[in-house]
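J.: What follows is the residue order along each chain.
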Amino acid sequence: MPRIVVDVMPKPEILDPQGKAIVGSLPRLGFTAFSGVRQGKRFELTVDGEVTDAVLAQAREAAETLLSNPVIEDVVNVEVVADRP
Amino acid sequence: MPRIVVDVMPKPEILDPQGKAIVGSLPRLGFTAFSGVRQGKRFELTVDGEVTDAVLAQAREAAETLLSNPVIEDVVNVEVVADRP
Amino acid sequence: MTETPLIGAVSSTATGTPLTGARIGVVTFPGTLDDRDAARAVRLAGATAVDLWHGDTSLGDVDAVVIPGGFSYGDYLRAGAIARFAPMMGQIIKAANSDARLPVLGICNGFQILTESHLLPGSMVKNDHLKFICREQVLRVENNTTAWTNQYAAGEQITIVLKNQDGQYVADEKTLDELEGEGRVAFRYVGWNPNGSRRDIAGITNAAGNVVGLMPHPEHAVEPGFGPDHTGTDGLGFFTSVLAHLVGGKK
Amino acid sequence: MSQKFNIDTVEHAAATPDTELPWAELGLKRNEFDDVVKLLGRRPTAAELAMYSVMWSEHCSYKSSKVHLKQFGDKVTAEMKMDMLVGIGENAGVTNLGDGWAVTFKVESHNHPSFVEPYQGAATGIGGIVRDIISMGARPVAVMDPLRFGAIDHPDTARLVHGIVSGIGGYGNSLGLPNIGGEVVFDDVYQANPLVNALAVGVMRHEDIRLANASGVGNRVVLFGARTGGDGIGGASVLASESFDDTKPSKRPAVQVGDPFAEKVLIECCLELFKGSLVEGIQDLGAAGISCATSELASNGDGGMEVELTSVLLRDPTLTPGEILMSESQERMMAVVSPANAAAFEAVMDKWAVEYSWLGEVTDTGRLIINWDGATIVDVDPRTVAHEGPTYHRPFHRPEWLDGVQSNTFRASGTALPATGLELKAAVVELVSSPNMCDKSWVTNQYDRFVGGNTALAAPDDAGVIRVDEQTGMGVALSTDANGRYAYLDPYTGAQLALAESYRNVATAGAVPMAVTDCLNFGSPEDPEVMWQFAEAVRGLSDACMELGVPVTGGNVSLYNQTGSTPIHPTPVVGVLGKFDDVARRTPSGWREDGQAIYLLGTTADELDGSEFANLRGHLGGLPPRVDLARERELGQILINASRDGMVDAAHDLSEGGLAAALVESSLRYNTGARIALDEVAARDGVDVFTLLFSETQGRAIVAVPRSEEVRFNDMCTARRFPVARIGVVDAESGSLELQGQFSAPLDELREAHEGTLPKYFG
Ligand SMILES: Nc1ncnc2c1ncn2[C@@H]1O[C@H](COP(=O)(O)OP(=O)(O)O)[C@@H](O)[C@H]1O
Ligand SMILES: [Mg+2]
Numbered sequence: 001m002p003r004i005v006v007d008v009m010p011k012p013e014i015l016d017p018q019g020k021a022i023v024g025s026l027p028r029l030g031f032t033a034f035s036g037v038r039q040g041k042r043f044e045l046t047v048d049g050e051v052t053d054a055v056l057a058q059a060r061e062a063a064e065t066l067l068s069n070p071v072i073e074d075v076v077n078v079e080v081v082a083d084r085p
Numbered sequence: 001m002p003r004i005v006v007d008v009m010p011k012p013e014i015l016d017p018q019g020k021a022i023v024g025s026l027p028r029l030g031f032t033a034f035s036g037v038r039q040g041k042r043f044e045l046t047v048d049g050e051v052t053d054a055v056l057a058q059a060r061e062a063a064e065t066l067l068s069n070p071v072i073e074d075v076v077n078v079e080v081v082a083d084r085p
Numbered sequence: 001m002t003e004t005p006l007i008g009a010v011s012s013t014a015t016g017t018p019l020t021g022a023r024i025g026v027v028t029f030p031g032t033l034d035d036r037d038a039a040r041a042v043r044l045a046g047a048t049a050v051d052l053w054h055g056d057t058s059l060g061d062v063d064a065v066v067i068p069g070g071f072s073y074g075d076y077l078r079a080g081a082i083a084r085f086a087p088m089m090g091q092i093i094k095a096a097n098s099d100a101r102l103p104v105l106g107i108c109n110g111f112q113i114l115t116e117s118h119l120l121p122g123s124m125v126k127n128d129h130l131k132f133i134c135r136e137q138v139l140r141v142e143n144n145t146t147a148w149t150n151q152y153a154a155g156e157q158i159t160i161v162l163k164n165q166d167g168q169y170v171a172d173e174k175t176l177d178e179l180e181g182e183g184r185v186a187f188r189y190v191g192w193n194p195n196g197s198r199r200d201i202a203g204i205t206n207a208a209g210n211v212v213g214l215m216p217h218p219e220h221a222v223e224p225g226f227g228p229d230h231t232g233t234d235g236l237g238f239f240t241s242v243l244a245h246l247v248g249g250k251k
Numbered sequence: 001m002s003q004k005f006n007i008d009t010v011e012h013a014a015a016t017p018d019t020e021l022p023w024a025e026l027g028l029k030r031n032e033f034d035d036v037v038k039l040l041g042r043r044p045t046a047a048e049l050a051m052y053s054v055m056w057s058e059h060c061s062y063k064s065s066k067v068h069l070k071q072f073g074d075k076v077t078a079e080m081k082m083d084m085l086v087g088i089g090e091n092a093g094v095t096n097l098g099d100g101w102a103v104t105f106k107v108e109s110h111n112h113p114s115f116v117e118p119y120q121g122a123a124t125g126i127g128g129i130v131r132d133i134i135s136m137g138a139r140p141v142a143v144m145d146p147l148r149f150g151a152i153d154h155p156d157t158a159r160l161v162h163g164i165v166s167g168i169g170g171y172g173n174s175l176g177l178p179n180i181g182g183e184v185v186f187d188d189v190y191q192a193n194p195l196v197n198a199l200a201v202g203v204m205r206h207e208d209i210r211l212a213n214a215s216g217v218g219n220r221v222v223l224f225g226a227r228t229g230g231d232g233i234g235g236a237s238v239l240a241s242e243s244f245d246d247t248k249p250s251k252r253p254a255v256q257v258g259d260p261f262a263e264k265v266l267i268e269c270c271l272e273l274f275k276g277s278l279v280e281g282i283q284d285l286g287a288a289g290i291s292c293a294t295s296e297l298a299s300n301g302d303g304g305m306e307v308e309l310t311s312v313l314l315r316d317p318t319l320t321p322g323e324i325l326m327s328e329s330q331e332r333m334m335a336v337v338s339p340a341n342a343a344a345f346e347a348v349m350d351k352w353a354v355e356y357s358w359l360g361e362v363t364d365t366g367r368l369i370i371n372w373d374g375a376t377i378v379d380v381d382p383r384t385v386a387h388e389g390p391t392y393h394r395p396f397h398r399p400e401w402l403d404g405v406q407s408n409t410f411r412a413s414g415t416a417l418p419a420t421g422l423e424l425k426a427a428v429v430e431l432v433s434s435p436n437m438c439d440k441s442w443v444t445n446q447y448d449r450f451v452g453g454n455t456a457l458a459a460p461d462d463a464g465v466i467r468v469d470e471q472t473g474m475g476v477a478l479s480t481d482a483n484g485r486y487a488y489l490d491p492y493t494g495a496q497l498a499l500a501e502s503y504r505n506v507a508t509a510g511a512v513p514m515a516v517t518d519c520l521n522f523g524s525p526e527d528p529e530v531m532w533q534f535a536e537a538v539r540g541l542s543d544a545c546m547e548l549g550v551p552v553t554g555g556n557v558s559l560y561n562q563t564g565s566t567p568i569h570p571t572p573v574v575g576v577l578g579k580f581d582d583v584a585r586r587t588p589s590g591w592r593e594d595g596q597a598i599y600l601l602g603t604t605a606d607e608l609d610g611s612e613f614a615n616l617r618g619h620l621g622g623l624p625p626r627v628d629l630a631r632e633r634e635l636g637q638i639l640i641n642a643s644r645d646g647m648v649d650a651a652h653d654l655s656e657g658g659l660a661a662a663l664v665e666s667s668l669r670y671n672t673g674a675r676i677a678l679d680e681v682a683a684r685d686g687v688d689v690f691t692l693l694f695s696e697t698q699g700r701a702i703v704a705v706p707r708s709e710e711v712r713f714n715d716m717c718t719a720r721r722f723p724v725a726r727i728g729v730v731d732a733e734s735g736s737l738e739l740q741g742q743f744s745a746p747l748d749e750l751r752e753a754h755e756g757t758l759p760k761y762f763g
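Those protein sequences? They're chains G, R, V and X, same order as listed. Positions 1 to 85 (the numbering used here) are the ones given, in order, by the first sequence. Positions 1 to 85 (the numbering used here) are the ones given, in order, by the second sequence. Positions 1 to 251 (the numbering used here) are the ones given, in order, by the third sequence. Positions 1 to 763 (the numbering used here) are the ones given, in order, by the fourth sequence.
Bear in mind the hints are in silico, worked out from the structure with no lab data behind them. Do not rely on the hints blindly, as some may be mistaken.
Claimed, not checked - Label-pair ranges, simulated between beta-carbon atoms:
#1 X:D606 / V:D229: 30 to 40 angstroms
#2 G:V81 / V:D229: 29 to 39 angstroms
#3 R:A82 / V:D229: 53 to 63 angstroms
#4 V:D51 / R:E79: 39 to 49 angstroms
#5 X:K351 / G:V81: 43 to 53 angstroms
All C-beta atoms in this analysis are idealised placements derived from N, C-alpha and C, irrespective of residue type, glycine included.
If we strip away everything but chain G, and leave its shape as in the complex, we get (with noise of 0.2 angstroms):
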């Protein structure tokens, strides 16, 4: 069954938490070439028949009102994938 693909990451002049916690604990680890690091969120929707302009349209909707939070994200990808193997 096709997918679309919701990002949903923080606002850039937000404080991000999780990131600063994960890029202080990356050089740590031997991972030395990132300097910066941003936590968001990924959703996977599953259509049951066929992605119309409809239901991306309904994607587009959901993504702004219910899966993020438009005070501190921002929605940043909404595309449909082909099915995983």
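Fit chains R, V and X with the ligands to the known structure of chain G by using the hints.
T.: Leaving out everything else, chains R, V and X with the ligands in the frame of chain G:
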């Protein structure tokens, strides 16, 4: 600065309590097109310099060791993205 | 500053054990919350509590280790995910797997750290109801042969404190069947499964019985009047168990 | 970095007196801006303007309230001063517990942020009040959360309840602070303006008390904890556009996100600093951020400080100097450290992986000087910023509508009242399942009440109790209370009733009340009727504190709580702290021993106005219950003695919901029933059984007395001439609460009614 995105999703066989809660509330909000939802994580790692193969390899290793727990999660994607405008 | 306010030598110890010489390490990570409580439980059981710092690389001469609850590194990534890589954890993993079989008890966040460290199988995900839950919880002691449970009767029901956000124990069916088959389910929730854990599992042990992890908090049920309403001290047995184990074993 | 801005230096300001400044956008009034110019003898720089505007805001300067709050300091007797080590004015007051121990506690509001973003608003409310407690040198040991929401069935209420409760839990639980009490009230006056008050309590040894002052010329000033971002300065971005440069300012977040992990580390790190005596003065960063910390530290100390602002570690490099001064980023502290201790200070920071930056030093110039890359951008007398803000004597008058409200009594409304046993039973069940009277464990089960291992009582008992000293068992009890309906009917009495209830709750648990903190939640001070409510409440509270002999040691004022022009009910939340010599003596609110006698202390009058029962019938009018503080004090003595001498095994005070609520709660606490007979007491007091059950007369409590103690207990009450009546016995077998001659209610049925309500609405 370039960023590497790491996407981590709960394993299909692990019940995802957050996804389940969302799928339960979607129809109540009028979103009827989706039969399932899973909630995972999206990490954005900022790279200071160039994204070399070595850097990408580090990101892959961080994804497998720190950013995900293979008992309950799969790394579904590691990719370089252009800077957000 | 004078000695930290809430710790003090406790006037009376609850057991008459002669094991006051036993030294039990209590690990503190950034974000650990129940370290002082675990140390108090160790003292009440009659042993000496030894502070262990996550960043240190030596276990000193401790006879056993408690990894207490809390939110190490905020638990932001996954509970226990970052703490698992602490230098002290490297020492603990080595000692637990060594021939000496160092007794290790992981409580709540400590249990999560033990699964992240692969000292125990499975993992924890969010409670099925998605809320933090704090309550008095009845458990059944399923395995009373481990280093941390030998003072309980098999099948005994105890009431201790449960409090967590990510307490739903999960593992694949094969692992679960193995755990059951080998008697490695140490505790089960009784009456109500408070978080959706597979097969009502509240705690497990490794095959050798020296590493035990559980979500509920025995260290919050060691003093009458400061834990669950009715019984209050059902958790003390964890700490007297390890002392008995040390006496009966290599000590 | 600094080249980006056209820095508005002091020199530049002096040379360009006619530059237009955005003082109005920053919330200053014309007269206030003129005052700033007069104080400085020139126009302020952009950075100075930023500082004055935030520090002279209502929130920071108490400009509308301070003329009234003075009474808390003025109406103080020698008895009240006895145990006060630090009074009003510091981050939090400090009370002596004896044996070298001291306790500090304070309640604060985070109402508006919690409406905008309930989770983060509530979470950062806990974070802020806990930092106040740390900055006194104390180890925080518990939190409480008095909450007010709109109507339980309003579509927006679930969002707020879920967000606020999980925010308080999410932050407090992660700090390892047990939540030992609070309130949950639903009333549509709070619909678009929920109240989120947060209380924290901490303990310390006397020698560890720290004050926010910068003394010792040459001592160094350090900022540590989280980095500074653009939090809480949304409105201030005008500064960037108008005063600094023409490049587009980056977006400033409207809400603050809390990082409880960072705060937990900060707590441990501060305690280690105190332990090593490594700081001379310390101040938390809350509202007004660095502006507040620098100006308060400087004006409380030797009077001068010089700092370099480019040294501040930033999360967002585009911040302008003014914005850095105003930022309300969470989880930061500022300290004054002697040069000799600097290395040791740094070692503690490194151990806990806490970031820090040295900003400058203490001077004796009497000036607060802030530089940006060496150029002076602030040169002010710090007292004018921190303590000499505007003071308003706002006009106030008694609302004209109040007479009409007060004369509209519940009795006169003609509402049908239950009379038969069956009707009474239905009314009791309805009461205990109502949104305000129902069981709150849906909320409190999301809070850790065990962490620390020192919690001797928490929800649902009358007060939270925390052991302070493990050797002796010495500890403290706390309760917070307010009834907005009472205060609406009569703010003077309403504030006194809040204190009376809180005092009574603490005494009911067995503790000796010692000190008071308060969070005064009101509407707009620019509305003379609201201002009158405020003035009356402060007068009432301060009078009552004198009479009960308990001083206000600190608190908070939250104004502008209203939707459009409709203010909330005046809601003076009062927290009382009491002391136990040994918390093992605490009295829980439920009975469990079969056969123990149940006594009612106090008499009951016909006082249904403002009651929960009237509320259930949609009525609000008349006068609130009468306050009799002498009687409250006497009742308190009885309950404290009874606890100390082991005369009672259970005690529960009568407050909202009256005797009906108390009987049900005491039965359900340990699932143990009772047989109660009320006819004699009703006859004694000249009221009917309905009134006896539902009236909210003050100064009452029920207790369970072991048979062996009955004589002693009765003698004590008689000697004190306190009305007491034996109304029943504990019945562990029946599984029901029986009101003889009226009805018998199975505990299961009562439990279902009591516990079902919040899950029904919130899942
Ligand atoms: N938001 C809350 N947080 C913690 N405890 C709460 C909260 N709301 C209510 N409680 C607790 O529930 C119990 C009942 O509350 P309430 O009826 O207001 O008590 P009382 O009438 O004795 O003041 C008390 O123990 C109170 O502290
Ligand atoms: Mg009470």
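J.: So which of the earlier hints does this model not fit?
T.: Structure breaks hint 2 only.
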